[in-house]
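Participant: Each chain is listed here by its residues.
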Amino acid sequence: MTDLTRLTAAALSEKLQAGDISSVEVTRAHLNRIAAVDGDLHAFLHVSSAALETAAAVDAKRAAGQTLSALAGVPIAIKDVLCTYDMPSTAGSKILEGWVPPYDATVVRKLREADLVPLGKTNMDEFAMGSSTEHSAYGPTRNPWDLERIPGGSGGGSAAAVAAYETPLALGSDTGGSIRQPAAVTGSVGVKPTYGGVSRYGAIALASSLDQVGPVSRTVLDAALLHDVIGGHDPRDSTSLRDTWPSFAHAARAGKESRSLAGVRVGVVKELNGDGFQAGVHSTFAEALELMAAAGAEIVEVSAPNFEYAVAAYYLILPAEASSNLAKFDSVRFGMRVNPLRGGTVEDVMAATREAGFGPEVKRRIILGTYALSAGYYDAYYGSAQKVRTLIQRDFDAAFQQADVLVSPAAPTTAFKLGEKLNDPLAMYLNDITTIPANLAGIPGMGLPMGIAPEDGLPTGMQIMAPARQDARLYTVGAALEALLEDKWGHTLISRAPDLALAEDFAATEGVV
Amino acid sequence: MSEITTEQVAHLANLARIALTPDEIAKLTGELGVIIDSIAKVSEVATADIPATSHPIPLTNVFRPDVVGETLTVEQALSGAPEHDGSRFKVSAILGEEQ
Chain V
1 MTDLTRLTAA ALSEKLQAGD ISSVEVTRAH LNRIAAVDGD LHAFLHVSSA
51 ALETAAAVDA KRAAGQTLSA LAGVPIAIKD VLCTYDMPST AGSKILEGWV
101 PPYDATVVRK LREADLVPLG KTNMDEFAMG SSTEHSAYGP TRNPWDLERI
151 PGGSGGGSAA AVAAYETPLA LGSDTGGSIR QPAAVTGSVG VKPTYGGVSR
201 YGAIALASSL DQVGPVSRTV LDAALLHDVI GGHDPRDSTS LRDTWPSFAH
251 AARAGKESRS LAGVRVGVVK ELNGDGFQAG VHSTFAEALE LMAAAGAEIV
301 EVSAPNFEYA VAAYYLILPA EASSNLAKFD SVRFGMRVNP LRGGTVEDVM
351 AATREAGFGP EVKRRIILGT YALSAGYYDA YYGSAQKVRT LIQRDFDAAF
401 QQADVLVSPA APTTAFKLGE KLNDPLAMYL NDITTIPANL AGIPGMGLPM
451 GIAPEDGLPT GMQIMAPARQ DARLYTVGAA LEALLEDKWG HTLISRAPDL
501 ALAEDFAATE GVV
Chain H
1 MSEITTEQVA HLANLARIAL TPDEIAKLTG ELGVIIDSIA KVSEVATADI
51 PATSHPIPLT NVFRPDVVGE TLTVEQALSG APEHDGSRFK VSAILGEEQ
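In order, the protein sequence lines correspond to chains V and H. Numbering of the first sequence is given in the numbering used here, commencing with residue 1 and proceeding in unit increments. Numbering of the second sequence is given in the numbering used here, commencing with residue 1 and proceeding in unit increments.
No lab work stands behind these hints, which were simulated from the structure alone. None of the hints are false.
The calculated lysine to aspartate or glutamate pairs, modelled on DMTMM-like cross-linking and capped at a C-alpha distance of 20 Å, are:
1. H:K27 / V:E355
2. H:K27 / V:E420
3. V:K363 / H:E24
4. H:K90 / V:D330
5. V:K363 / H:D23
6. H:K41 / V:E271
7. V:K94 / V:D330
Under 7 Å between C-beta atoms, here's a sample of chain H residues computed to sit facing chain V:
8. L15
9. A16
10. A19
11. K41
12. V42
13. V45
14. H55
15. V62
16. I94
Backbone N, C-alpha and C define an ideal beta-carbon position, used for all residues, glycine too.
Please construct the entire structure, taking both the sequences and the accompanying hints into account.
Facilitator: Here is the structure:
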């Protein structure tokens, strides 16, 4: 008797290929789990009505002897920032309520071509602006470890969905940490690929020079398997890289099997392990470093003096790009339209629509971006922020001379309480202090479970960063660290999450085969 | 403390086409002042000799062949519009009475 929702995507893949289980059984188990727990969690904004039908079609292909991809028949959740032609795509905003795009994002098309089964769309901060999912226009997602706490953001829905066994896999997007920080606070895994490694076509843009789509999962190997499906050049994204990528699943398996870090130079970024971090984040980070050293890693301290300016540069570049990207929500071609009481010109209609359709954080950042791009301020703010970006890239270049990978905590604290930082924008912005530098430099980063903070019993996350285009290194080192930690603990971290009360008894039995 | 005023925020809101209420303008004025004070530090290190980076991994000459690609049909393009006449998006007057 196996609860199919507890299996990893890799394990489901093996059982599906062996014919032990069907995709319909797997999909039904996850839909039942969603029905049982999502009333409390609110990880999903939309659950697909076509999932079982899609799963049956995959089972039919397999029965007919077709050669299928490794993840064929495995369910997946999709962050609502990604366009799906058969499901609403709102990016967590009222202005796009009910909008069904006429096309799929490239990453979604690739999922369908690889026969994964889309379960639905996951909740997020509106237009991915936030670190707690509290800025969703549809209400917050809750953390499966403690329903009174935030699941991180902006991809809190995707992270909570995998952490609560509603799905083995999900897609996220990461502009300043929106994949890695939710992973840290929910005890799951998330990867921001090298900028340009995964297509952004059909991802509703927040900040085009920072956004990157990536995998969300419970294990490093599962993230790698999904990255192999979604990665690669896309002529529809002019910033897409033409590189030929190695198999990330192969890289993850190598790390998992060797459990060795012999000869790997691991750089600890001095500036990303600061005084303001929570005690349990410090202590679990130190323990993980000891374990890495014992496995043969050479631990070196590196300094990145300009990281001090990263958050400031980010909160100029992001609002500037976002204010431009969000100009397309003009009440003409898609989304909401609000007509002012006494009528008016098309511009009056736009202004009334945007007033009603955007939430407070979106308005805040659009106004800030408009200010930063104004004549007279452009050089001092946006121009300076772009120079800081150069300095941060130089810091990374220097650090990677001394180290093969860089590490830091993936978030400065464990999950905080809902509402705790909602009225203090600056405090909220500082949640991404450890993740923002990688976006500014375009390099890949991974968040993965590191331990449990003794003071509050909540998960902490490790961040691993590699030079641009060296995503495979994250998977090898990440999978080795994951295996070493689990050997030491004698269990996975996510298995320590409290059982969510099942809302309905039938769901509990239906989910078991 | 930076010099952000309510008049400035009202002007920015007009540029950004958001009909903010007076309460929102007042609240944003205070918040923006605090945020801008904290992000203005970028100018401390951004000296004249440092080049700007606009894209993390620069690419040049990203072209495609000049041929007709796969595009949306008119019906698809209009499918999400708040108002249309079957072949065009419908909007209210472009010009106001005084223009």
